[in-house]
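Enquirer: Listed here are the chains, written in short residue letters.
There are 2 protein chains.
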Amino acid sequence: MSQAKASLEHLYKVFTKPEGEDSRLAQIETQLSANLADFLSGHIVSEEIPLEKIEQDFSRAQVPEQPQFVSDHAQHLLDKLVSKSVNTYSPRFIGHMTSALPYFHLSLAKLLVGLNQNLVKIETSKAFTPLERQVLGMMHRQVFANDEAFYQQHLHSATSSLGTFCSGGTLANLNALWVARNRALPPLSGFRGISEDGLFSAMRYHDINQLAVISSARGHYSLAKAMDLLGLGKSQLHKLDCPKQTLDPQEVLHRGQKILEEGGRVMAIVGIAGTTETGHIDPLDELADVASQLNCHFHVDAAWGGATLFSTRHGSLLSGIEKADSVTLDAHKQMYVPMGAGMVLFKDPLAGNAVRHHAQYILRQGSKDLGSTSVEGSRNGMAMMLYASLHILGRQGYELLIDQSLAKAHKFAQLINEHEDFELVTEPVLCLLTYRLCPGHLREKSKKISDTHNQHLDELNRMVQKQQREAGHSFVSRTRLSNETYQQPITVFRVVLANPLTTEQDLQAILKEQAELAARQPLWTQL
Amino acid sequence: MSQAKASLEHLYKVFTKPEGEDSRLAQIETQLSANLADFLSGHIVSEEIPLEKIEQDFSRAQVPEQPQFVSDHAQHLLDKLVSKSVNTYSPRFIGHMTSALPYFHLSLAKLLVGLNQNLVKIETSKAFTPLERQVLGMMHRQVFANDEAFYQQHLHSATSSLGTFCSGGTLANLNALWVARNRALPPLSGFRGISEDGLFSAMRYHDINQLAVISSARGHYSLAKAMDLLGLGKSQLHKLDCPKQTLDPQEVLHRGQKILEEGGRVMAIVGIAGTTETGHIDPLDELADVASQLNCHFHVDAAWGGATLFSTRHGSLLSGIEKADSVTLDAHKQMYVPMGAGMVLFKDPLAGNAVRHHAQYILRQGSKDLGSTSVEGSRNGMAMMLYASLHILGRQGYELLIDQSLAKAHKFAQLINEHEDFELVTEPVLCLLTYRLCPGHLREKSKKISDTHNQHLDELNRMVQKQQREAGHSFVSRTRLSNETYQQPITVFRVVLANPLTTEQDLQAILKEQAELAARQPLWTQL
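Residue numbers (full-length UniProt numbering), protein chains in the order written: chain A, 1 to 527; chain B, 1 to 527.
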């Protein structure tokens with residue numbers, strides 16, 4: 001490969017001159033724009049390549065000394081990176097929450113980098129700041145449905161914050177629990193507040209030995225991470241068992257009362273609107289009432305399920321969310337925005353003040369800079385992507401997307417139920433469901449399959465999932481799931497039916513492939 | 001404006017059919033690619049528009065009901081957003097750390113969104129995971145310069161982590177202090193470690209009343225934010241005064257000894273390699289020794305200055321950084337990568353285990369998934385942008401960029417020193433400097449300007465900075481700065497000379513405009 005020379009000319013060129021139309025990078029861009037599906041299926045090698053083999057191409061820990069021509073590097077990226085990436089656009093990649101995106105995001109991504117704004121501060125973002133505030137307002141209204149006067153008062157107020165954009169649900173949950181923690185331990189005489197004096201003083205002044213969060217065992221792992229980060233400790237996260245996949249409000253209440261009796265305090269209850277594994281929704285309305293009884297913060301992690309609010313038909317699945325003190329949303333999930341568009345919303349526009357901070361050269365007091373109540377500092381203008389989607393798809397467009405995803409999940413559930421070799425493990429509440437290979441004769445014999453049989457089924461399902469992934473035609477994920485029927489968790493396939501390009505034929509093909517893979521396993525015939 | 005209908009056809013089109021070549025969005029893309037400077041200067045209104053006026057265009061808190069055609073929305077973005085954004089590419093926008101980027105990032109941004117990988121997990125990122133690990137390894141080697149065997153052992157090991165990518169320096173600093181906190185309070189008999197049992201138990205079991213961080217008053221505001229988040233409290237961040245802009249290692253040692261004597265513990269010392277306000281570098285080598293004496297973590301915030309290591313000539317400004325336990329770098333600063341490319345590096349590849357977490361459906365134990373030691377969860381493949389830059393620019397390219405930035409800063413300092421109306425306040429150490437308008441006769445009269453005169457100068461400089469910003473031809477930022485000469489902080493202009501497109505003519509034009517603006521102020525003539 002030829003090498004460019006590190007001259008000021010070469011440098012000046014990469015900063016000022018676009019690649020010619022015949023350059024490799026320009027060709028790649030043209031192909032990307034012309035037909036993304038073809039580009040991806042044409043360049044990504046479908047069969048799984050062992051990770052160890054891929055690592056060999058990325059094993060040099062020395063920064064290259066000499067510059068490289070852009071075209072040479074573009075070809076290198078195609079050969080070594082693109083070819084071995086994951087085709088998330090594919091209608092048969094239904095194992096995770098990443099799906100095909102609308103085309104306009106390709107062009108907008110270019111615009112975003114061309115503008116390269118920094119949202120931490122108005123001086124480096126100008127109109128992007130009001131835009132982000134508007135988008136937060138739109139999502140806030142979608143969730144909390146306050147009246148027009150409320151939004152006119154708070155949307156652009158320097159002392160209000162309807163929420164914060166961030167890279168994803170993990171940071172959104174952290175931001176919410178951070179606010180909840182700081183509000184739970186307000187200043188007292190001699191104590192300036194936790195933000196200033198820290199948790200150790202806070203717990204002594206408030207005379208409590210525990211500051212607990214109650215959630216479901218199905219809660220996202222970011223909750224435990226947040227407990228660690230915030231200094232509360234994972235042991236203060238009370239994850240209640242959920243054989244029915246959702247929290248029982250009475251159990252939450254009892255656990256909360258017990259914590260209070262033991263000298264602790266409940267800092268927050270976290271309800272989930274769309275669990276990562278099965279898409280279940282906690283009884284938000286009743287949990288809000290329990291939070292009110294326990295006088296604690298009520299957070300709803302709607303990273304996955306939040307977009308359901310766009311659907312007139314299914315939005316009521318989330319009823320009670322409007323009573324939450326804070327809500328996590330991920331626009332890069334069911335809102336079809338590129339990776340990196342998380343949000344936390346606060347019911348009370350003043351809640352963010354519990355974590356507000358300032359600095360002299362940046363984030364001056366009274367300014368409308370967005371960085372003063374967020375976990376992150378410098379951030380890009382990702383809000384533009386959601387803004388564009390909200391306008392180009394509109395509420396009705398999102399409604400159609402949500403409705404057809406749910407319809408597809410029900411269709412897939414029906415296909416599974418009708419198939420001799422499969423067992424539906426969790427019904428779709430949103431567009432997620434879990435199922436497993438399980439021969440019909442086993443299910444007929446008794447309502448309850450023996451532990452030994454389940455262990456064999458676990459092994460079988462694990463192997464089939466792996467082999468299907470390796471073959472590269474389609475991808476479903478797997479997890480281990482507790483349920484009402486069995487003592488032990490069982491291994492299941494997990495699918496997310498959010499890709500609007502996925503057809504019934506795709507779903508049938510996936511089942512067919514799994515059944516064929518199973519038939520080839522000695523285990524299958526022994527069952 | 002015409003409205004699209006929310007039909008499945010419309011939806012299917014936005015997911016599958018690119019815009020035609022004559023569409024507004026395609027036209028925008030063509031213009032962007034052909035000449036970014038022209039696109040930006042042609043579309044961005046240079047004069048400052050009052051924020052309140054911009055907000056009027058972003059004041060609707062209702063999600064639009066109907067879909068919109070892509071072309072209509074693209075024109076709307078141009079008119080309302082792009083026109084009122086900040087021209088960070090401009091060679092005369094030298095007030096903040098955002099600068100022009102190499103052209104190839106425009107195309108790569110498109111590729112990144114087309115691929116839409118999620119780095120939290122190998123299943124949704126494949127080759128992007130080894131790539132990110134390699135990039136972390138390259139930066140690790142640039143900082144810590146371990147031998148080849150070290151990198152071959154740790155680069156792709158499931159139990160090692162050379163660092164973490166994140167959205168920016170704020171998260172990187174948080175991640176570093178999180179690791180430092182958890183390592184400072186290891187498990188004891190009856191205590192399972194802070195991660196599990198929390199800070200309250202940790203401090204009781206370890207029998208300490210304070211867990212302190214010592215840094216300079218010039219430290220980034222994210223340090224205080226991290227103290228709040230981690231539950232330590234901002235009051236445990238000891239920000240030592242720095243009239244010379246850098247930490248005095250002896251003062252750090254004394255403060256540390258005092259904390260120990262009072263029953264506290266020093267958790268970390270934070271050194272800065274390139275302060276946000278003036279670009280100064282703390283004496284890293286001596287601070288490392290103090291950290292060793294106090295037996296605490298040594299973190300270096302090199303978000304700005306880290307890239308200096310690429311320069312043979314100037315790299316030694318950071319000597320001692322290789323003794324740090326952790327280092328923050330921002331590739332979106334002096335490495336010319338789009339916004340959102342922060343990193344934290346750990347000297348000890350096992351340090352990250354202090355915050356390692358797992359989940360069943362994701363981040364299985366023993367996997368190489370990148371999400372298990374990071375603050376963030378889902379993340380995009382931004383590492384590709386840095387990977388491309390490291391290859392296309394090479395170390396030599398970065399060296400040239402760094403060297404010419406510093407040369408430019410020295411040139412600008414000279415222009416300021418030669419100009420009758422200006423006073424250089426801080427010399428450039430890296431490519432940042434501060435100065436102010438200050439008539440020559442005031443400086444001649446005495447070494448020390450009176451407080452009353454300084455107050456007038458503060459007001460004058462504030463007004464000139466504002467008027468220059470509003471005129472829109474160029475932008476310098478301002479801050480208030482403590483220094484050795486005066487009791488009170490003074491208001492200064494702050495410039496960052498990282499844009500390779502900035503010429504000496506640009507710098508002269510900026511000074512000329514400021515001098516002319518000053519001459520028009522009644523205050524100027526009264527001084």
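It is worth saying that the hints were derived from the structure and are not from the lab.
Mixed in with the good hints, there may be bad ones.
Here are the computed lysine-lysine pairs in the PhoX-like style, where the Cα-Cα straight-line distance is at most 20 Å [as the list claims (entries may be wrong)]:
hint, chain 1, residue 1, chain 2, residue 2
1, B, 244, B, 466
2, B, 17, A, 368
3, A, 466, B, 368
4, B, 17, B, 5
5, A, 512, A, 466
6, B, 347, B, 411
7, A, 466, A, 448
8, A, 368, B, 53
9, B, 239, B, 258
10, B, 368, B, 347
11, A, 53, B, 368
12, A, 368, B, 239
13, B, 466, B, 53
14, B, 5, A, 80
15, B, 448, B, 466
16, A, 17, A, 53
17, B, 53, B, 17
18, A, 53, A, 13
Have a look at the derived ranges for each label pair, beta carbon to beta carbon [claimed, not checked]:
hint, chain 1, residue 1, chain 2, residue 2, range
19, B, 189, A, 51, 47 to 57 Å
20, B, 356, A, 261, 44 to 54 Å
21, B, 66, A, 410, 23 to 33 Å
22, B, 147, A, 37, 41 to 51 Å
23, A, 53, B, 147, 43 to 53 Å
24, B, 485, A, 56, 33 to 43 Å
25, A, 53, B, 207, 17 to 27 Å
In this text the structure is predicted, and so the values were computed from the model without any measurement.
Even glycine gets a Cβ: it sits at the ideal position worked out from N, Cα and C.
Enquirer: Could you run down the list of hints and mark each one as holding or not?
Expert: Here is how each hint holds up against the structure:
Only pairs whose Cα atoms come within 20 Å are accepted, and residue 244(B) paired with residue 466(B) is rejected, the gap being roughly 27 Å. Of the pairs offered as hints, the one joining residue 17(B) and residue 368(A) is violated, with about 39 Å between alpha carbons and a cut-off of 20 Å exceeded. Taking the CA atoms of residue 466(A) and residue 368(B), the gap is about 17 Å. The hint holds against a cut of 20 Å. A threshold of 20 Å between alpha carbons decides the hint, and for residue 17(B) with residue 5(B) the separation of about 16 Å falls inside it, so the pair holds.
About 15 Å separates the Cα atoms of residue 512(A) and residue 466(A), which keeps this hinted pair within 20 Å; it holds. About 36 Å separates the Cα atoms of residue 347(B) and residue 411(B), which puts this hinted pair outside 20 Å; it is violated. Proximity of residue 466(A) to residue 448(A) is assessed by CA-CA distance (about 26 Å); at most 20 Å being required, the pair is judged violated. For the suggested pair residue 368(A) and residue 53(B), the alpha carbons sit about 14 Å apart, so the restraint of at most 20 Å is met.
With a C-alpha separation of about 14 Å, the suggested pair residue 239(B) and residue 258(B) falls inside the 20 Å cut-off, and the hint holds. With a C-alpha separation of about 19 Å, the suggested pairing of residue 368(B) with residue 347(B) holds against the 20 Å cut-off. Pair hint residue 53(A) plus residue 368(B) holds up; C-alpha atoms about 14 Å apart against a cutoff of 20 Å. Distance hint between residue 368(A) and residue 239(B) is unfulfilled; the C-alpha atoms sit about 26 Å from each other, more than 20 Å.
At roughly 17 Å between alpha-carbon atoms, residue 466(B) and residue 53(B) fall within 20 Å of each other, so this suggested pair holds. Straight-line distance between C-alpha atoms of residue 5(B) and residue 80(A) comes to about 42 Å, which puts the hinted pair past the 20 Å bound. A C-alpha spacing of about 26 Å is found between residue 448(B) and residue 466(B), which places the hinted pair above 20 Å, so the restraint is violated. Only pairs whose Cα atoms come within 20 Å are accepted, and residue 17(A) paired with residue 53(A) is rejected, the gap being roughly 36 Å.
Our distance criterion of 20 Å between C-alpha atoms is broken by residue 53(B) and residue 17(B), whose separation comes to about 36 Å. Annotation: proposed proximity of residue 53(A) to residue 13(A) is violated, straight-line Cα distance about 35 Å (limit 20 Å). Range check, residue 189(B) to residue 51(A): Cβ separation about 40 Å, and the 47 to 57 Å hint is violated. Here the CB-CB span from residue 356(B) to residue 261(A) is close to 34 Å, at odds with the stated 44 to 54 Å.
At roughly 27 Å, the beta carbons of residue 66(B) and residue 410(A) sit within the given window of 23 to 33 Å. Roughly 46 Å separates the CB atoms of residue 147(B) and residue 37(A), a value that falls within the hinted 41 to 51 Å. One distance hint, 43 to 53 Å for the beta-carbon pair residue 53(A) and residue 147(B), is violated here, with the actual separation near 25 Å. Checking the proposed 33 to 43 Å range against residue 485(B) and residue 56(A) shows it is violated: the Cβ atoms sit about 58 Å from each other.
Remark: the range hint 17 to 27 Å for residue 53(A) to residue 207(B) is contradicted by a beta-carbon distance near 52 Å.
Figure legend: structure checked against the earlier numbered hints; hints not met, in rising order: 1, 2, 6, 7, 12, 14, 15, 16, 17, 18, 19, 20, 23, 24 and 25.
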